[in-house]
Structure formats: C-alpha cells, structure tokens
Amino acid sequence: MIKAQAISKRIGKKAIIREMDLEIGGGEFLAILGPNGAGKSTLLKILSLLMRPSEGRLEINGLDAVKEAEQVRPLLGVISHQTYLYDALTASENLEFYGRMYGVAGLTERVREVIKEVGLEFSLHDQVGTFSRGMQQRLAIARAILHRPRILLLDEPQTGLDQQALDILYQVIGRLKAEGSTVVMVTHILDYGLEACDRLLVLVQGKPVFLGNKPETLAGVRETYSLAVSGVRA
Amino acid sequence: MNKALENAWAGLTFIVMLAATYLVFMWVPNEKVMGVVQKIFYFHVSSAWIGFFAFFVVFIAGIMYLKTRDSKWDWVGSASAEIGVVFTTIVLLTGPIWGRSAWGAWWTWDPRLTTTLVLWFVYVACLLVRSALDQEEKRARFSAILGIVGFLDVPLVWFSIRWWRWTIHPNIIESGGKLAISSKMQVTLMVSLLAFTCLYFYLLPKVVRLAKHQSMLREMKEAIRGRLTA
Amino acid sequence: MKYWSQVRAIVRKDLQAEFRTKELLSSMLLFAFLAVVIMSFAFDPTREVVKQVFPGMIWVVFAFAGVLGLNRSFLTEKHNDCIAGLTLAANDGSAILVGKVASNLIFMLVVELVSLPIFFVLFDFRSKGSLGLLLLVVLLGTVGFVAMGTFLAALAVHAKHSEVLLPIILFPLLVPLLIAAVQATGAILAGQGFGEWSLWLKIIAGFDLMYLVVPTLLFEYLLEV
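Protein chains in written order, with the numbering used here: chain A, 1 to 234; chain B, 1 to 230; chain C, 1 to 225.
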C-alpha cells in the first residue's frame with residue numbers, strides 16, 4: 001500500500017510535482033498517464049525512493065519512505081526503460097549480483113525460477129552484452145522480481161519491447177497482481193497494457209487532473225484522457 | 001539588494017579604493033631594501049585575502065545549497081568561485097614580482113604561494129566542472145559538493161607543503177615569514193584590505209545577478225519551447 | 001551485516017566483470033609499463049641524480065595509471081543506468097562508494113605490484129630500506145588516492161568529457177597525499193631511520209582518513225537522480 005500526503009518536488013524554482021495526495025491500495029494496478037513533462041517519471045522516481053520529495057510524506061506499507069528507507073527498499077521492484085544490467089556479466093551473474101544485494105535466500109534456486117519465467121533458461125550463462133534488446137528487457141523483468149517485491153513500479157516499460165517481451169511482462173504483472181502485489185505503471189502509450197489496470201491517474205503539470213476507475217473500453221480511456229488534458233489547457 | 005543601496009556601496013568602494021591607492025603610492029614610505037617594488041605587497045596581500053575569503057564563501061554556499069536546495073546559494077557559490085579565481089590569479093601574478101626582489105627568485109615553494117597555486121587549480125577545475133554539466137540541478141549539487149571538498153582540502157595542502165619544506169629548506173620560510181612592518185605600512189595595508197573587501201562585496205551581487213538572469217533566461221526559453229510544441 | 005554483504009557483492013561483481021573483459025587491468029598495466037620505459041628514456045637511469053627523483057617517478061606513474069582505471073570504473077555503472085539499480089538495492093548509498101573503492105583498490109594494487117619490479121629493474125635501483133615498509137607506504141598512499149579518486153570519478157562521469165575532467169579535479173586535491181607519499185617512499189628507499197619516515201606515514205594515514213570520511217558523508221548527495 002502506498003500513501004502519499006501532499007508531496008511536492010521542486011527542482012530549482014520549478015515545481016515538478018505539486019502537493020499531490022495519492023493512495024494506492026494493496027493489490028491494485030494503477031496506470032499513470034500524462035503528456036510529456038507532466039512529472040510522471042519524477043513521481044515514479046519518488047515512489048521508488050530514487051528521489052526524495054521536497055515536501056510531504058510518503059508511506060509505503062505503513063513505513064516512512066524517507067526515515068525507514070532500509071525496510072522499504074526490498075519491498076520495491078522497478079522496471080524502467082533502462083535495464084540496470086552489466087554487459088560484461090552473464091545473465092546468471094547479473095541476477096546473482098542483485099540477489100546478493102537484496103540478500104535473497106536460496107539464490108541459485110530463485111535465479112532459475114525467475115529466468116524460467118522470462119524464458120531465458122537457455123541463455124543463463126551467456127554474456128548480457130551479446131543479448132538482443134528484447135532479451136535484455138526480459139532479463140530486466142527477472143531482475144526486478146527476483147527479490148519478490150510487494151510493489152512493482154514500471155516506468156514506460158513498453159519502450160523498446162518486442163511482442164514476446166511484452167507478453168512476458170503482462171504475464172508477470174498478472175501473476176504478481178493475483179498474488180496481491182501492487183502495480184504502478186507510468187506510460188504514454190494509450191494502448192496495450194491498459195486493459196489490465198484498475199484505476200487511471202492522469203497527470204498534467206505535476207497535478208492529478210483525473211483519478212478514477214478505468215473506463216471499460218480503450219476508446220473510453222482515450223476519451224477520458226483527452227478530456228482531462230484539454231480541461232486543464234482550456 | 002536594492003538599487004540605491006547598491007549605488008551607495010559602489011560610491012563607498014570607489015572612495016576607499018582611491019584612498020588605498022593614495023596611501024600606497026603617495027603616503028607610505030618606500031621600503032629600505034626593496035624600494036618601490038615593495039608597494040605591490042599591499043595589492044598582493046589584499047588579493048590573497050579576498051581569494052581565500054571567496055573560497056570560504058563557496059564552502060558555506062555549498063553547505064547551504066545541499067541543505068536548502070535553493071538555487072540562490074548555487075548562484076552565490078558560483079559567483080564567489082569566479083571572483084576567487086580572478087583574485088588568486090592576481091596573487092599568482094604579483095607573487096613572483098614581489099618574490100624576485102624579496103628573495104631573489106621568481107618562484108619559491110613557500111607554503112603560502114604554493115597553497116594559493118593549488119587552490120587556483122582546485123577552483124578553476126570547479127568552474128570547468130560547472131561548464132561540463134548541462135542539467136541545472138545536477139550542476140548546482142555537484143558544484144556544492146566540490147566546493148565543500150575543495151575547501152576542506154586547503155588545510156591539508158597548507159600543512160603538507162609546510163612539513164615538506166621544513167624538512168628540506170627550513171630557511172626559506174623564515175625569510176618570507178617574518179616581515180618587519182612600520183606603523184605607516186600597517187595602516188596602508190589595513191586600508192588596502194578594506195578596499196578589496198568592499199570591492200568583493202560590490203562584485204558579488206553583480207555576478208550573482210548575472211547567474212540568476214542566465215537561469216531565468218533558460219527557464220523562459222524552456223517555457224516558450226513548451227508552448228510552441230504543445 | 002547487510003552493509004558489508006552489499007559491499008562484498010559489489011566487489012565480487014567488479015572482479016567478475018574484470019576477469020571476463022580484462023579491460024581495466026590490461027590498459028592500466030600496459031600504461032604503467034610504457035610510462036616506466038618512457039621515464040627511463042627521459043631520465044638517464046645511469047646518472048646518480050636520477051636516483052633521487054626515483055620515488056617521485058613511481059608515484060607519478062601510479063597516479064596516472066590509477067586515473068585511467070578510475071575513469072572506467074563508473075562508466076560501466078553509467079551504462080544501462082546500473083547506478084540506479086545499485087541505488088535501488090543499497091540500504092545505504094555509501095555502501096556503493098565503499099564497494100567501488102575496494103574494487104578499485106584491488107585493481108590498483110595489482111598494477112602497482114607488477115610495475116614496481118619493472119621500475120627497480122629498468123632503473124637498476126637498489127633499495128636500502130625494507131621491502132615490507134615500501135609496500136606499506138604504497139598501500140597507505142593508494143588507499144587515499146583511490147578513496148578520493150572513486151568519489152570524484154562518480155561525480156565526473158555525469159559531465160561531458162569526463163575522462164579529461166577527472167585528473168584535472170583529482171590531482172590538485174591530492175597534492176598533500178602525493179607530497180607525503182613521495183617523501184615517505186624516498187625516506188624508506190634511502191634506508192633512513194624510523195624518525196624520518198614514521199611521521200610521513202602518520203600523515204598519510206591521517207589524509208587517508210579524511211579522504212575516506214568526507215566522500216562517504218557526501219556520497220548520498222551525489223547519488224540523487
């Protein structure tokens with residue numbers, strides 16, 4: 001569960017996020033939409049503790065995200081358009097490294113488990129530098145779920161994914177959701193991936209302009225989105 | 001600072017500067033051994049004082065920036081670093097001229113002179129780092145970090161050079177260390193120090209404002225670009 | 001403790017990567033070797049005077065070979081934004097710094113242990129002091145160098161032309177350490193007594209402490225995205 005109270009992020013004099021309140025329940029899938037420069041990525045960076053909010057309070061599973069960061073970090077899994085993987089290491093070495101960083105128990109077993117889930121079990125001992133972009137992204141998914149995070153944060157994960165990797169991503173999201181994990185996804189693509197989400201948050205200029213249940217159809221999502229965005233502009 | 005105060009300060013700086021120049025060139029007697037060259041001493045010492053003081057301001061501004069994340073402190077820090085580099089450059093140029101007539105050599109590895117040289121390198125490097133970083137927030141943060149690290153390094157530089165030179169050529173320090181100064185010379189030196197301090201506080205807000213306007217201009221450009229693409 | 005297991009994981013990862021690519025060590029070693037050879041052309045090894053600047057030459061070569069390695073150490077972390085991955089996983093950001101310092105220290109010590117004999121052979125230098133003491137000075141001097149160097153490498157990697165920038169910001173700050181290291185090395189190689197080198201060793205140790213503590217305290221500010 002994520003609870004943000006009046007969080008703001010200023011860089012210099014510019015406000016990227018303005019006094020935002022947000023509550024995301026356990027097991028919920030929230031999609032964050034918005035035009036370029038709306039502060040979507042910044043919000044996700046704050047939620048993943050990469051960035052500290054300038055003001056406000058962030059609570060994750062009842063823990064203070066700033067003061068109790070040590071306990072919060074292992075709860076989070078992050079998939080971004082960057083893979084966070086080392087080209088010189090093999091797939092298994094990369095996963096083992098992150099496993100040691102998170103102190104995952106039964107590491108060898110767990111690595112096999114997640115590598116199977118993303119369908120890379122035959123490339124376990126190949127150097128990541130030799131992987132195709134799609135394969136690297138699949139390994140990045142494995143990296144993110146390796147330590148069994150309770151909250152999955154996705155920053156435009158579709159960028160550069162091929163169809164196979166996309167299918168795997170949605171499969172993983174679906175499984176985590178079914179197990180009661182929270183999923184937050186930032187995206188600017190009003191297309192795939194949105195079918196599965198429960199709620200929509202539309203962000204414009206660092207402020208939420210729409211927060212509510214997802215319309216049934218994709219056309220409905222598009223309409224909600226353009227209404228919300230044009231409402232601010234007008 | 002408002003306009004009237006700034007003008008008053010400019011006038012004051014001008015008067016004190018003029019007084020210092022008069023004292024140095026007309027009033028104070030020439031030093032017996034070195035003659036007229038010794039007069040460079042007043043500008044040399046004053047520049048050195050401002051150089052060190054400016055870097056101290058960079059240090060404080062760095063700490064304040066990391067604490068408050070207010071761009072104002074970044075502007076103060078960068079402005080002070082620039083002014084400090086200018087004045088340490090003056091020190092490094094006047095030092096050899098003075099040293100030539102005082103010690104008979106253009107350059108000596110005297111701790112003061114050498115520390116100033118190392119400082120000059122440190123802060124020129126800081127300015128280089130600034131120009132090599134594009135993102136404003138990152139540039140401010142990294143400059144603050146470098147300003148803090150650089151200033152904390154100063155005592156280490158000073159003592160290491162002192163110990164190094166003590167063990168090998170202890171007598172050089174002696175010759176530069178103690179200066180018999182007459183009371184007229186003391187007065188002149190004090191007025192010169194005051195004049196340079198006034199000059200520093202006259203320059204600082206101007207350079208800060210320049211940095212502020214640069215940043216405002218960037219923001220405006222960004223806003224216009226945003227409007228055009230939307 | 002979790003802190004140290006994370007430090008160990010980072011060191012292990014760096015060693016694994018280096019073992020696979022051998023990029024860092026090979027370029028550092030070759031550079032050091034080449035620098036010694038060029039030094040022996042530039043300063044005639046048969047002249048007695050050259051023996052006096054021998055300690056200085058050693059540290060100049062170490063410093064430049066070291067910068068070569070330091071530059072690379074954060075380029076691999078920047079690629080694919082691995083530094084963000086590290087930040088996500090590390091409980092305390094300083095564990096990242098300590099881990100990187102430790103692996104850079106290992107790489108530099110390897111380079112130094114290989115190039116020291118080459119120095120002695122090509123310059124036909126005979127030390128009058130003990131080898132153990134020499135290695136102690138090298139170790140202590142390298143700790144400070146690597147601590148400050150790794151910190152500034154993490155900073156410089158975000159700038160344009162970081163390869164040129166790192167030595168320019170690093171060397172002025174390291175002047176005190178280099179002076180002390182050269183003095184201590186000189187005193188030990190000349191076989192001087194305890195009083196001559198012990199003070200310098202203490203000074204180096206003090207500098208090491210400064211160069212370790214200040215970056216550790218400031219590293220969190222450097223890591224922010």
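Hints are supplied without guarantee of correctness; some may be wrong.
Unchecked claim - Subject to a maximum C-alpha distance of 25 Å in a straight line, what follows is the list of computed BS3-like cross-link-like pairs (lysine-lysine):
#	chain 1	residue 1	chain 2	residue 2
1	B	K72	A	K13
2	A	K14	B	K138
3	C	K2	B	K221
4	B	K212	A	K13
5	B	K67	A	K13
6	C	K2	A	K67
Keep in mind the hints are simulated off the structure, nothing from the lab. What you are looking at is a predicted structure, and each value in this text was computed from that prediction instead of being measured.
Comparing the hints with the structure gives:
1. K72/B <-> K13/A: It holds: about 10 Å lies between the C-alpha atoms, which stays within 25 Å.
2. K14/A <-> K138/B: 14 Å, holds
3. K2/C <-> K221/B: 47 Å, violated
4. K212/B <-> K13/A: 11 Å, holds
5. K67/B <-> K13/A: 15 Å, holds
6. K2/C <-> K67/A: This hinted pair holds, its Cα atoms lying about 18 Å apart.
In this structure, the one hint that does not hold is number 3.
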